[in-house]
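Undergrad: Got chain W sorted already, so can you dock chain U onto it with the hints?
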Amino acid sequence: MRKLNKYIFLLLICVIILLVGGHNILAQSEKLWPKGAPVVTVGFGAGGGTDTAVRPILAKMEEYLGETINVVNMDGASSAVAAEHVLSLAADGYNMFATGSGPLSGFRVMGTSDSSWRDWVSWHPFNGPAALLVKDDSPIKTFDEAMNAIKDEDLNFGISGFGVGPHVLVEAIFQIAGVPSPNYVTAGSCRNAAVSLYAGEVDIAMCTFSSAVDFVKAGQLRALVVTTAEPYPVDSIIIPSITELLEGSENVPLLSETWPVLIRREAPQNIIDKLNEAFIWALEQPEIKEFAETKALNIVGYYGEEADKFLSFSEAGYSWALYDSGLAEKSPEGFGIPKLADWDWEKEKNF
Amino acid sequence: MMFDSFLQQVNLFFHAFTAQLYLTNILIIAFATLMGIIIGAIPGLTATMALALLINLSYGMQFDLAISFLLGVYVGAIMGGCYSAIMINIPGTPAAAATALDGFPLAKRGEGGLAIGAGVIASFVGMLISIACLIFITPFIYKIALKFGQWEYFLLAVFGVMICGNLSTGKDPVKGWVVGFLGFFTAMIGLDKVYAYPRFTLGLLQLKGGISLIPALIGVFGISEILIVLEEEIPYKILGKITKIIPSWKTIYSLIPTAIRSGIIGVGIGAVPGAGEDVAAWVAYDVGKRSSKQGEKFGTGCLEGVAAAETANNACIGGAMIPLLTLAIPGSPPAAMFLAAIWLHGVQPGPMLPIEHPGFLYEVAISLLIATFFMLILGLIIAKPIASILKIRREILMPIVLPLTVIGAYAGGVRIFDIKVTFFFGILGYILRKLDYPMAPLVLGIILGPLADISFRQALMQSRGSLIPLLGRPVGIVLLVAIAWIAYSGFRRTIEYTRKHTQKDTGMIQEG
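Line order of the protein sequences matches chains W and U. Heads up: the first sequence begins at 1 in the working numbering, then just goes up one per residue. Heads up: the second sequence begins at 1 in the working numbering, then just goes up one per residue.
Here chain W stands alone, though its shape is the one from the complex (with noise of 0.2 Å):
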């Protein structure tokens, strides 16, 4: 009996083993990265733009998958240096990156990295509309004084920095209204362009909506314009669209800034598809729609062919404005990049 209990006490130890070791085995194998944590690089620092608007789509998809995302940053010339740091690893699915989508437009003909959207697959949860702003007791009322104003008087026009979304935004904006440059003065986040536009260092700012939609609702700010394709509603005041108030500015909604997290284009198939399932399942959560309202951010979605196209048009919009600003080390030119009037997507997704 005594024998027969140790043989029993044996084979329940063996079927623990098994269950427990089995399940192990099963569940690595289970696992989308059975290897360890698969991290992602943000190009830029801590508590910017770029990581607020991408760690909360990354928890999000972390609760889907069930596994851990590491989030770290590494902050350097404008996120060239972490791209280069991705590209220098491996291409095995544990290796990611976000930026922003004008950034890395630019990397190529700022001469900052050779990478370009081509190297990635990328997916972009929010897309942020920039404002045109002037101080609530501005005699600046409508888009319309803006532009006369700034073509006839000296103004100070504040923005968060050349080359980022507003800037290409606004420049975009002045070359269709035939409207000269005018006097930037960079403001280093567009947080600080409208707290200097409120605090009157500035006449009129052009920021991400997102970064003075507050000052906005509180009524300190006004918003001329919004570079959305309709209509902005912000409570009870609805701020005009600039499709509506400027002719031939239908392509300027398409240059708002994105924040997309990136993989290696040769990653292995099954972990960029499962990444697919993941973000479509997170965009859906109350959570990143709450998240996207306070922070007026438009819930855009891109990935796939549509995240390729994006990125596309993106660079033909921020490298030739940079290279126009003179800003560029290298022509876009040089790359085959083309203007915005020749983009033509049937051209270009053919790399």
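Quick caveat, the hints were computed from the structure, so don't treat them as lab data. Accuracy of the hints is not assured; some may be wrong.
As the list claims (entries may be wrong) - So the derived label-pair ranges between C-beta atoms look like this:
no.	chain 1	residue 1	chain 2	residue 2	range
1	W	GLU333	U	LYS143	47 to 53 Å
2	W	GLY326	U	GLU496	47 to 53 Å
3	W	ASP235	U	LEU471	41 to 47 Å
4	U	LYS147	W	GLU266	52 to 58 Å
5	U	GLY295	W	GLY326	49 to 55 Å
6	W	GLU287	U	LEU27	34 to 40 Å
7	U	LEU404	W	ASP235	50 to 56 Å
8	W	ASP324	U	GLY203	21 to 27 Å
9	U	GLY203	W	LYS35	33 to 39 Å
10	U	PHE63	W	ASP324	42 to 48 Å
11	W	SER236	U	ILE381	52 to 58 Å
For each residue, glycine too, the CB sits at the ideal point set by N, CA and C.
TA: Here is chain U on its own, set in the frame of chain W:
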């Protein structure tokens, strides 16, 4: 009407007070504060880094617990930096660099425990002052902060480096300024922040990213200190047993004026975005030295010096919350992390905050208050064991500190390049120390360099390239006068010092 609004605020305050006082919250704050103290005490791991690492952890937490957690870490880490600054002359965080000036000589005399005790109590007082300011005078302070335009930020950055250079070398301030502006130069390396033009990058991609602060800080303080210690045949020892931590009532009483003055300076500097804890500590130290009866003892191991720096760097926390909550502009780098965390939780600070989340200001204040009490209690409890650990023989301690600091340098950006930067600055720091140059202005130069660079250029953009319109701004005039005075008195001291030295040398030659 005003009375109604006042009653409403009192009501919100008490509501926040009762809402925050529950066991889980209190335990979380205690744990976070302790963690913050330990992280702050390890050279290279800063409050900013701690918050960056913990943001993700807090994302899954209930909102009010997440806030408490992050604030606890912030408060703890800023104070924690003083342990290593005092005991091993390597500031745990950049904010504690001024603390080392008096803390380390005290530790060498065997009064390290007392210095830590004074540091913890001073940090406590600084926190109390800043919380009171946060609650009562937020609307007034942020309006003053708005008067700071780009020109004033530039002058503030120059002012910070001038003061630091002036203080960290007792007799020869010019040497301090030389390294301070070397720090400015270091900050210019990389793509410039306005036109993305590569400056001093030698065509290297890694240099385009610029020199990160933490690897440079660890190099100049940590690696150079380790090299100096290991070079000595008989390294210095920390004398005596760590017996006394809490200073006598008489001593505490004598430090009160310093603490109040430094606390107010800390809040003011915290409220100005961009300057941060390090500048607060240096300015308070400078004002302390000038207004104290024992001013000449500053730098030789004087508790008042420790108290001035430590009160101010912690008082900066409450100050930094003011522009953060009213304008969503963080007053210091760790505050930027805190802002990101509350954004992730869907709270948008700024002008709509009092309408959308009316009690939020008080919730922050109460969490800070609870963290402050834990900081005092835990800080004093662990002072003795930490001081005893850091007291062990230098030739054993330093090789242990070395890998820890290198990990700290690597952890922030996970770049091998940062480790190379650490060693480069270690050797540079070693050479400069041998030549009697102070280290602190170099680090402050690196911290304030980007602010000075970008603010100056933005100010010029505003004035279309002319300096004339900038010279008439009232806050700017005050800062300019202060800078001119520091420069004048500093040069005079250097000239006197050089004259004495030359006389001595000539005397010796004649005698010889």
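Undergrad: Now look at each hint and say whether the structure bears it out.
TA: Evaluation of the provided hints:
1. About 51 Å separates the C-beta atoms of W/GLU333 and U/LYS143, a value consistent with the hinted range of 47 to 53 Å.
2. Between W/GLY326 and U/GLU496 the beta carbon distance is about 51 Å. The supplied range of 47 to 53 Å therefore holds.
3. Between W/ASP235 and U/LEU471 the CB atoms are about 43 Å apart, so this pair conforms to the stated range of 41 to 47 Å.
4. Between U/LYS147 and W/GLU266 the Cβ separation comes to about 54 Å, which falls inside the hinted range of 52 to 58 Å.
5. Roughly 53 Å separates the CB atoms of U/GLY295 and W/GLY326, a value that falls within the hinted 49 to 55 Å.
6. A C-beta distance of roughly 26 Å is found between W/GLU287 and U/LEU27, which places it outside the suggested range of 34 to 40 Å.
7. Take U/LEU404 and W/ASP235: their Cβ atoms lie about 52 Å apart, and the range 50 to 56 Å holds.
8. The hint said 21 to 27 Å for the Cβ distance between W/ASP324 and U/GLY203, and at roughly 26 Å that hint holds.
9. For the pair U/GLY203 and W/LYS35, the beta carbons lie near 36 Å from each other, so the given range of 33 to 39 Å is met.
10. Evaluation of the 42 to 48 Å hint for U/PHE63 and W/ASP324 yields a pass: the beta carbon distance comes to about 45 Å.
11. Checked against the hint of 52 to 58 Å, the C-beta distance between W/SER236 and U/ILE381 comes to roughly 55 Å, which is consistent with it.
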